[in-house]
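Novice: Chains as they are written, first to last, in this note's numbering: chain A, 4 to 422; chain B, 573 to 941.
Just so you know, the hints here were simulated from the structure itself, not pulled from any lab data.
Keep in mind that a hint or two might mislead.
With a cut-off of at most 30 Å between alpha-carbon atoms, the simulated DSSO-like pairs for lysine-lysine come out as follows [to be verified]:
hint, chain 1, residue 1, chain 2, residue 2
1, A, K410, B, K814
2, A, K179, A, K195
3, B, K894, A, K355
4, A, K410, B, K815
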Amino acid sequence: MTTGELSARLRAPAMGPKRNMPAWGWLVIIAAGLAVVSVIRMFSGATNLTSAGAVEAAIAAAVPIALAGLSGLWSERAGVVNIGLEGMMILGTFGAGWAGYQWGPWAGVFFGVVCGALGGLLMGVAAITFGVDHIIAGVAVNIVAPGITLFLSELLFTNAPGGGQRQSPPVGDVTKITVPGVSSWLGAVEDKRWFFVSDLAGIVRGMTTQLSLLSVLAAVLIAVSGFVIWRTRFGLRLRSCGEAPYAAESLGVNVIRYKYIAMTVSGSMAGLGGAFLVVGLKFQDGQTRGLGFIGLASMIFGNWRPGGLAMGAALFGYTDGVRLYDPDNMAMHAVVLLLAVAMVVVAAMQLKQGNRMVAASGLIIAMLAAWWYFSTDQVPRQLTVAAPYVITLIVMALASQRLRMPKADGLIYRKGGLE
Amino acid sequence: MKRFSMRRLLLGAAGPATALVGAAIIIVALLLAAGHNPIDAFVAMGGALSDPSVVTSAINQTTVFYLSAVAVAIGFKMNLFNIGVDGQYRLAAMVAAAFAGMTAMSSLPGPIRIALTLLVAMAVGAIWSGIAGWLRVTRGVSEVISTIMLNSISTAIIAFLLTPDMWAVQKGYNVSTRPITAGGRAPNFDIGSGTPLFSMILLGVLVGVAYWFLLNRTVFGFSLRATGMSETAAVASGISVKKMMLYAMLLSGAVAGLVGMPELLNGSAGSYSLNFQTGIGFTGIAIALLGRNHPVGIVFAAALWSFLASSSNALQSVNIPKEMVAIMQGVIVLLVVIAYEIVRRATVVLEQRDVARQLDISTGSEIAV
Numbered sequence: 004m005t006t007g008e009l010s011a012r013l014r015a016p017a018m019g020p021k022r023n024m025p026a027w028g029w030l031v032i033i034a035a036g037l038a039v040v041s042v043i044r045m046f047s048g049a050t051n052l053t054s055a056g057a058v059e060a061a062i063a064a065a066v067p068i069a070l071a072g073l074s075g076l077w078s079e080r081a082g083v084v085n086i087g088l089e090g091m092m093i094l095g096t097f098g099a100g101w102a103g104y105q106w107g108p109w110a111g112v113f114f115g116v117v118c119g120a121l122g123g124l125l126m127g128v129a130a131i132t133f134g135v136d137h138i139i140a141g142v143a144v145n146i147v148a149p150g151i152t153l154f155l156s157e158l159l160f161t162n163a164p165g166g167g168q169r170q171s172p173p174v175g176d177v178t179k180i181t182v183p184g185v186s187s188w189l190g191a192v193e194d195k196r197w198f199f200v201s202d203l204a205g206i207v208r209g210m211t212t213q214l215s216l217l218s219v220l221a222a223v224l225i226a227v228s229g230f231v232i233w234r235t236r237f238g239l240r241l242r243s244c245g246e247a248p249y250a251a252e253s254l255g256v257n258v259i260r261y262k263y264i265a266m267t268v269s270g271s272m273a274g275l276g277g278a279f280l281v282v283g284l285k286f287q288d289g290q291t292r293g294l295g296f297i298g299l300a301s302m303i304f305g306n307w308r309p310g311g312l313a314m315g316a317a318l319f320g321y322t323d324g325v326r327l328y329d330p331d332n333m334a335m336h337a338v339v340l341l342l343a344v345a346m347v348v349v350a351a352m353q354l355k356q357g358n359r360m361v362a363a364s365g366l367i368i369a370m371l372a373a374w375w376y377f378s379t380d381q382v383p384r385q386l387t388v389a390a391p392y393v394i395t396l397i398v399m400a401l402a403s404q405r406l407r408m409p410k411a412d413g414l415i416y417r418k419g420g421l422e
Numbered sequence: 573m574k575r576f577s578m579r580r581l582l583l584g585a586a587g588p589a590t591a592l593v594g595a596a597i598i599i600v601a602l603l604l605a606a607g608h609n610p611i612d613a614f615v616a617m618g619g620a621l622s623d624p625s626v627v628t629s630a631i632n633q634t635t636v637f638y639l640s641a642v643a644v645a646i647g648f649k650m651n652l653f654n655i656g657v658d659g660q661y662r663l664a665a666m667v668a669a670a671f672a673g674m675t676a677m678s679s680l681p682g683p684i685r686i687a688l689t690l691l692v693a694m695a696v697g698a699i700w701s702g703i704a705g706w707l708r709v710t711r712g713v714s715e716v717i718s719t720i721m722l723n724s725i726s727t728a729i730i731a732f733l734l735t736p737d738m739w740a741v742q743k744g745y746n747v748s749t750r751p752i753t754a755g756g757r758a759p760n761f762d763i764g765s766g767t768p769l770f771s772m773i774l775l776g777v778l779v780g781v782a783y784w785f786l787l788n789r790t791v792f793g794f795s796l797r798a799t800g801m802s803e804t805a806a807v808a809s810g811i812s813v814k815k816m817m818l819y820a821m822l823l824s825g826a827v828a829g830l831v832g833m834p835e836l837l838n839g840s841a842g843s844y845s846l847n848f849q850t851g852i853g854f855t856g857i858a859i860a861l862l863g864r865n866h867p868v869g870i871v872f873a874a875a876l877w878s879f880l881a882s883s884s885n886a887l888q889s890v891n892i893p894k895e896m897v898a899i900m901q902g903v904i905v906l907l908v909v910i911a912y913e914i915v916r917r918a919t920v921v922l923e924q925r926d927v928a929r930q931l932d933i934s935t936g937s938e939i940a941v
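For reference, chain A alone in the conformation it holds in the complex (with noise of 0.2 Å):
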């Protein structure tokens, strides 16, 4: 009975009237997102916007941001701020560029994703038993790692074959998919350039095309980690360490344990985002670019839950996508407008609420970036760069007030000692 009421009190406050939406509602949503996206194609003749190449693109550099969502996810349902996954992440990328190198691929990722979970049990150490502050933790593990991968990659790939002081021997690659036969038939739709099909096409063409096994792994990891934390009596006590550590701890919970568990999968989720990244390629020195940090931000647009993390880092994932594989330099213009129209549906959402500030706000963006569209024709290469990181703030900007994070998310928990 008590366990009940606990996840009676634990589920109340989620349920926000976004849970009430039926699933057919959701597709509707994307859609007409989808109709909007056509739309600014046609209208702005930037075909990348959703072609085969740019999908592809996208979701290469949405996953490594998604698994580090994923760490995010697990180390604050229990309670733990973890920005030092991105630490975490850089050990991953070390391991998997010096096993990958000599052992193959899988192996790579076996041994990134040891040494993420290492990463976080350093963490663990500093945040869990010696309540060291979380933020703090973090940064202390950002500082070490660099410096520790640096160390022994200089020592392990100096004189390797293929390799540098700040960089392993290439890395080979997991399997990839491509469905036969689909792919070919649908870059035909897709070259027809129709409003809609063609789009709808291109994206899925990108989903069916060279598709990393990594990449399946982190959807398939992403769903298993809901159930696991959401309908698992398991994941209720990992939760119930992150609400309410306390009443955890007087219904027989072992926060403790739960704790330093959720920072081992955090790790390891994070080390798995690591070796993503060098798998195919090999271990370099700076490799993971703050992507840990971005993940940590899609989680927190996501409201701290699988599938808003997901989007989140489709989000990201696809702006960067879209970067990557533009080369007339004409889709990140067209993300422009994009974001110009995406404002004027948020400012028309806000001003339903009665958010008037919110909704002016927007569409001065909105204005902003319509006038920025119209009055250039390309946005400079060294800009769009800093995409991903603006929408992430105009995002959370817009979004941040409806979010809910784990009540006692961050806060230092001792056991038998006083709330």
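Given the coordinates of chain A, work out where chain B should sit on it, guided by the hints.
Specialist: Just chain B now, with coordinates in the frame of chain A:
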């Protein structure tokens, strides 16, 4: 009471001391594991510090680290994590360099040029951190996330502005802002060590004193500390927490804007280029933690950091990767924060025992800590 303060002093020193000893043990173990002789390493690092030129540049670098750590510490004092000092100082240095390099500036007297440059840098830093502060106050966006995003955005903006089409000039393979002409640079002190001593050390001292004064002698500083210690208590005593947050972020950003100034105004290049030091903002976080946000504590932490960094090249001469120093720094930070926490808990236990004894309760073992 005297015994009390003696104990506090000992406990205060115990944290950093145990951390340093612990770090030394870990480093020795690492060196041995990697097949190096730890004694060689320490002799080489110590040897580097007997070179006056190395020491002078380490002191110069200490100033840079100090400014960055103070910028971080202002935020820390009220539980604001300004991870964005890095972006703030780089953007500020770039804009200030472009401003100071303008031909129109050459006609002004030197001191005014320097003052204007510093002002521009502070303003840019404050604006950039102000965005994060404003988002936090009005929209509740975590400053940790927003400042990290702003770091990346500033990198892109700098890359955009630092092109010959915009504010930069091409010099061989390097791109830089227009170099500041002689009158606009700050003088250096020649102390005969082969490396000039930066006059901007005085700026560091000034900022340190101002920081101390602000924290301990003004209403603003009191409110800042009060908000950091207990937000609810601060609200109850009439402090506007939102206002304090915004001010603290602006102030932190303004100080962050100064971080690049020693290199810009004292350095040999006199411009912002691709070679400009990066990553000082993150170092500042570590140093602020190490120095416990204390104006004097940060001096020691910054000096330690800087001397470790300048002795790293000496390690290469005994065939040890200089990244060893990065590990040392990381291990020290991690151990220091852990040691501080243990010492804090020990202090609490001891104080509770004292109170219990004074209240004439037999033992303090039943009091929850």
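Novice: Confirm or reject each hint.
Specialist: Hint by hint, here is what the structure shows:
Distance check on the hinted pair: A:K410 and B:K814 sit about 21 Å apart at the alpha-carbon level, within 30 Å; holds. For the proposed pair A:K179 and A:K195, the alpha carbon gap of about 27 Å is at most 30 Å, so the pair holds. A hinted pair counts as satisfied when its Cα atoms are at most 30 Å apart, and B:K894 with A:K355 does not qualify at roughly 59 Å. About 25 Å separates the Cα atoms of A:K410 and B:K815, which keeps this hinted pair within 30 Å; it holds.
Violated hints amount to a single one, hint 3; each of the other numbered hints is respected by the structure.
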